[in-house]
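> Sequence:
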Amino acid sequence: MFTLPSNILEIQSKSELEHFMNTTEKLILNFSTEWCPPCRVMEGTISNLSFELDGKAKVVKINPEKLPEVAQEFNMKTIPYYIGYVHGKFNKKAQGVVPIKMLKELVNEE
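At position 98 of the sequence shown (counting the first as 1) the number is 98 in UniProt numbering, and the numbers step up by one without a gap.
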């Protein structure tokens, strides 16, 4: 089992996510599960991303099986799925196994 780096928070509720969306300048939502092979492939990339963006953007993990209403609200159809928000507004999205550069572009950091 992969342990999240201390600077990646796993969201536990819709209200917790709303708090981050309202208080974080740049935010990347990472929808993934532990059993998903592409999600597991991306774990190292997400970890590196969180350290490279430390102080510039926050990365949060959302397990769509634990928060299906959140996954539905964001129209998540596949995992891994990533959504970037800048100043509380949707910026870009990506899905699948993607390079770190593409993930940085979600919050205009590349």
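Careful, some of the hints might be misleading.
Stated by the list, open to error - Below are the DSSO-like pairs computed for lysine-lysine, each with C-alpha atoms no more than 30 Å apart in a straight line: (1) Lys61 - Lys89; (2) Lys101 - Lys14; (3) Lys61 - Lys26; (4) Lys104 - Lys89; (5) Lys93 - Lys61; (6) Lys89 - Lys26; (7) Lys26 - Lys92; (8) Lys92 - Lys61; (9) Lys26 - Lys14; (10) Lys77 - Lys93; (11) Lys56 - Lys92; (12) Lys77 - Lys89; (13) Lys92 - Lys104; (14) Lys66 - Lys26; (15) Lys101 - Lys61; (16) Lys56 - Lys77; (17) Lys56 - Lys14; (18) Lys66 - Lys93; (19) Lys104 - Lys93; (20) Lys61 - Lys77; (21) Lys26 - Lys101; (22) Lys104 - Lys66.
Hints were generated in silico from the structure; no laboratory data involved.
> Run every hint past the structure and note whether it holds.
Against the structure, the hints:
1. For the hint pairing lysine 61 with lysine 89, the CA-to-CA distance comes to about 18 Å; that is within 30 Å, so the pair holds.
2. For a cut-off of 30 Å, the pair hint linking lysine 101 to lysine 14 stands: about 28 Å separates their Cα positions.
3. At roughly 14 Å between alpha-carbon atoms, lysine 61 and lysine 26 fall within 30 Å of each other, so this suggested pair holds.
4. Proposed proximity of lysine 104 and lysine 89 is supported: the alpha carbons are some 16 Å apart, at most 30 Å.
5. Restraint check: the Cα-Cα separation between lysine 93 and lysine 61 comes to about 15 Å, which is no more than 30 Å; the hinted pair holds.
6. Between lysine 89 and lysine 26 the alpha-carbon distance is near 9 Å, which keeps this suggested pair within the 30 Å criterion.
7. For a cut-off of 30 Å, the pair hint linking lysine 26 to lysine 92 stands: about 12 Å separates their Cα positions.
8. Taking the CA atoms of lysine 92 and lysine 61, the gap is about 17 Å. The hint holds against a cut of 30 Å.
9. This hinted pair checks out: lysine 26 and lysine 14 have alpha carbons roughly 18 Å apart, not beyond 30 Å.
10. With a CA separation close to 12 Å, the supplied pair lysine 77 and lysine 93 stays within the 30 Å bound.
11. For the given pair, lysine 56 sits about 17 Å from lysine 92 by alpha-carbon distance, which is consistent with the 30 Å threshold.
12. For the proposed pair lysine 77 and lysine 89, the alpha carbon gap of about 20 Å is at most 30 Å, so the pair holds.
13. For the hint pairing lysine 92 with lysine 104, the CA-to-CA distance comes to about 10 Å; that is within 30 Å, so the pair holds.
14. Straight-line distance between C-alpha atoms of lysine 66 and lysine 26 comes to about 24 Å, which keeps the hinted pair within the 30 Å bound.
15. With a C-alpha separation of about 18 Å, the suggested pair lysine 101 and lysine 61 falls inside the 30 Å cut-off, and the hint holds.
16. A threshold of 30 Å between alpha carbons decides the hint, and for lysine 56 with lysine 77 the separation of about 28 Å falls inside it, so the pair holds.
17. Straight-line distance between C-alpha atoms of lysine 56 and lysine 14 comes to about 23 Å, which keeps the hinted pair within the 30 Å bound.
18. Using a Cα cut-off of 30 Å, the hinted pair lysine 66 and lysine 93 holds, with the two alpha carbons roughly 21 Å apart.
19. A C-alpha spacing of about 11 Å is found between lysine 104 and lysine 93, which places the hinted pair at or below 30 Å, so the restraint holds.
20. Pair hint lysine 61 plus lysine 77 holds up; C-alpha atoms about 16 Å apart against a cutoff of 30 Å.
21. With a CA separation close to 16 Å, the supplied pair lysine 26 and lysine 101 stays within the 30 Å bound.
22. For a cut-off of 30 Å, the pair hint linking lysine 104 to lysine 66 stands: about 26 Å separates their Cα positions.
Consistency note: the structure conflicts with none of the earlier hints.
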